[in-house]
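Undergrad: Residue-level listing of the chains:
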Amino acid sequence: MDLSLEEGRFLTIFGPNGAGKTTLLKILSLLMPASSGKLVLAGQEVKDDTTALRQKIGVISHHSYLYGNLTARENLRFYGWLYRVSNLEERVEEVIREVGLELFFNDPVRVFSRGMQQRLSIARAILHNPSILFLDEPYTGLDQQAIEILNSVLAGLKNQHRTVVMITHNFEVGLSVSDEIMILNKGEVAFRGRREEVGSLKDFQELYREKVGGRR
Amino acid sequence: MKEFLSAVGAIVWKDLKAEFRTKEMISSMLIFAFLVIVIFSFAFDPTAQSVKKILPGVIWVAFIFAGTLGLNRSFLSEQINEAIQGLMLAPVDRAAIYFGKVLGNMIYTSLVEAVALPVFIILFDFSFSGSWLSLILVVVASTFGFVAVGTFLAALASNTRTSEVLLPIILFPVIVPVIIGAVEMTKAIFAGSSLGEVATWLRVVLVYDVVFLVIPFLLFDFLLEA
Numbered sequence: 004m005d006l007s008l009e010e011g012r013f014l015t016i017f018g019p020n021g022a023g024k025t026t027l028l029k030i031l032s033l034l035m036p037a038s039s040g041k042l043v044l045a046g047q048e049v050k051d052d053t054t055a056l057r058q059k060i061g062v063i064s065h066h067s068y069l070y071g072n073l074t075a076r077e078n079l080r081f082y083g084w085l086y087r088v089s090n091l092e093e094r095v096e097e098v099i100r101e102v103g104l105e106l107f108f109n110d111p112v113r114v115f116s117r118g119m120q121q122r123l124s125i126a127r128a129i130l131h132n133p134s135i136l137f138l139d140e141p142y143t144g145l146d147q148q149a150i151e152i153l154n155s156v157l158a159g160l161k162n163q164h165r166t167v168v169m170i171t172h173n174f175e176v177g178l179s180v181s182d183e184i185m186i187l188n189k190g191e192v193a194f195r196g197r198r199e200e201v202g203s204l205k206d207f208q209e210l211y212r213e214k215v216g217g218r219r
Numbered sequence: 487m488k489e490f491l492s493a494v495g496a497i498v499w500k501d502l503k504a505e506f507r508t509k510e511m512i513s514s515m516l517i518f519a520f521l522v523i524v525i526f527s528f529a530f531d532p533t534a535q536s537v538k539k540i541l542p543g544v545i546w547v548a549f550i551f552a553g554t555l556g557l558n559r560s561f562l563s564e565q566i567n568e569a570i571q572g573l574m575l576a577p578v579d580r581a582a583i584y585f586g587k588v589l590g591n592m593i594y595t596s597l598v599e600a601v602a603l604p605v606f607i608i609l610f611d612f613s614f615s616g617s618w619l620s621l622i623l624v625v626v627a628s629t630f631g632f633v634a635v636g637t638f639l640a641a642l643a644s645n646t647r648t649s650e651v652l653l654p655i656i657l658f659p660v661i662v663p664v665i666i667g668a669v670e671m672t673k674a675i676f677a678g679s680s681l682g683e684v685a686t687w688l689r690v691v692l693v694y695d696v697v698f699l700v701i702p703f704l705l706f707d708f709l710l711e712a
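These protein sequence lines are chains R and P, in that order. Using the working numbering, the letters of the first sequence correspond one by one to residues 4 to 219. Using the working numbering, the letters of the second sequence correspond one by one to residues 487 to 712.
Don't read these hints as lab results, they were simulated from the structure. There could be a bad hint or two in this list.
Claimed, not checked - Calculated pairs, EDC-like style, for lysine to aspartate or glutamate (alpha carbon to alpha carbon, straight line, at most 16 Å):
1. P/K538 to P/E670
2. R/K50 to P/E711
3. P/K503 to R/D110
Stated by the list, open to error - So the derived label-pair ranges between C-beta atoms look like this:
4. R/D5 to P/A600: 53 to 63 Å
5. P/L623 to R/D52: 17 to 27 Å
6. R/A37 to P/F612: 52 to 62 Å
7. P/F612 to R/P36: 46 to 56 Å
8. R/S38 to P/I566: 45 to 55 Å
Claimed, not checked - Which stretches of chain R does chain P cover? Using the computed rule of at least three CB atoms under 8 Å from a CB of chain P, they are:
9. 36 to 49
10. 145 to 158
Note that CB positions come from ideal geometry on N, CA and C, so glycine has one too.
Whole structure, please, built from the sequences with the hints as guidance.
TA: Encoded structure:
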């Protein structure tokens with residue numbers, strides 16, 4: 004696979020289950036090493052020690068990476084320490100307001116609904132102002148309010164010219180926020196193009212069917 | 487180094503905060519230790535001379551088994567919501583995760599030992615005439631060896647579906663030298679020996695401590711990515 008993305012662009016990756024989307028995202032977000040090949044992130048080639056590069060990366064997954072027995076504030080404070088966020092307390096309050104959870108600041112995360120946990124997970128991922136964001140099925144299990152918040156966060160990221168790579172099965176959302184589109188099938192790039200090239204939602208559905216042979 | 491230590495501190499803070507809010511792990515470790523004390527105090531006549539010989543072994547059985555309960559839980563909390571991936575994504579040396587967990591487990595196990603040891607001595611009607619300082623040093627050095635290996639293997643076992651069964655199976659054969667050393671040193675100190683007289687075993691345990699701090703430091707990154 005040969006893939007490059009310019010700084011500040013928003014790429015959405017579509018593909019059927021088992022196409023290798025999550026594996027690709029794990030490699031890109033430095034969670035697992037690639038078995039071969041070369042990876043360059045933020046202009047830096049990824050070598051053995053990826054510690055410094057991870058400061059530039061934020062990940063929102065369908066897993067929240069949160070601790071149920073800690074409160075929302077404690078979870079963010081903990082991650083803030085790990086990411087060495089300056090003015091941490093102010094930043095924590097800022098991001099928690101951004102995701103609309105200020106009323107639940109001191110509640111343990113285990114009592115949060117799935118949507119609230121995902122909103123807090125968004126706050127966790129943007130806490131350290133990452134320049135690159137990876138989103139793995141971020142809409143899974145979200146309530147309407149969380150979907151709107153995630154949409155506004157994504158729009159904000161786009162305006163801030165951050166580089167975003169998102170995996171989703173949701174064609175409508177994917178097409179509405181992206182600059183570039185990719186279809187992955189059986190570990191291979193089946194299609195790669197600019198958003199304008201794929202046309203309407205209906206056109207894209209046809210293109211997708213053609214590229215993956217009806218699998219979803 | 488400062489960044490490494492602050493990451494270790496954050497992980498210890500997070501684990502202690504979460505644990506002392508629910509006390510799930512500490513309470514199960516304490517209950518287990520007390521059960522062992524009660525069962526053995528009924529099984530053996532506390533006044534018999536043989537108790538002095540078996541007491542060190544009984545104490546370490548309680549410590550090791552109660553400690554294993556804690557070790558098992560230490561990485562299971564990271565599996566919920568895939569929090570371990572959140573740690574792996576953070577810009578910190580991944581060995582800091584290991585050292586943070588070791589320190590957290592050391593605190594839990596030491597707390598249980600600090601509560602259980604006097605109860606053992608009282609219930610077995612044992613008049614301790616040795617040096618408390620030597621006893622504490624031996625307990626700390628041995629516990630550290632157990633926790634250092636146990637934390638590493640707990641991380642390894644946590645990736646499997648049968649982690650709670652797997653951990654004791656892979657842990658106990660590896661910590662045999664520490665357990666033997668701990669029992670022999672405790673027995674000698676209970677008999678009034680000085681630290682110098684148990685120096686050989688103490689050296690074995692300390693070397694073990696160092697080796698099992700260095701090995702995970704080198705391998706923990708690979709273990710997490712596996």
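Undergrad: Next step is simple, just say for each hint if it's right about the structure.
TA: Checked hints:
Distance check on the hinted pair: P/K538 and P/E670 sit about 12 Å apart at the alpha-carbon level, within 16 Å; holds. With a CA separation close to 15 Å, the supplied pair R/K50 and P/E711 stays within the 16 Å bound. Using a Cα cut-off of 16 Å, the hinted pair P/K503 and R/D110 holds, with the two alpha carbons roughly 14 Å apart. At roughly 59 Å, the beta carbons of R/D5 and P/A600 sit within the given window of 53 to 63 Å.
At about 37 Å, the CB distance of P/L623 to R/D52 disagrees with the hint of 17 to 27 Å. In this structure the supplied range 52 to 62 Å holds for R/A37 paired with P/F612, their Cβ-Cβ distance being about 60 Å. P/F612 and R/P36 have their C-beta atoms about 54 Å apart, which keeps the hinted 46 to 56 Å range intact. With their beta carbons about 29 Å apart, R/S38 and P/I566 fall outside the hinted range of 45 to 55 Å.
Remark: the stretch 36 to 49 of chain R is not confirmed as covered by chain P, as 1 of its residues place a Cβ nearer than 8 Å to a Cβ of that chain, below the required three. For a cut-off of 8 Å, the count of residues in the stretch 145 to 158 of chain R with a CB near a CB of chain P stands at 0, and the three-residue condition is violated.
In summary, the numbered hints that this structure violates are 5, 8, 9 and 10.
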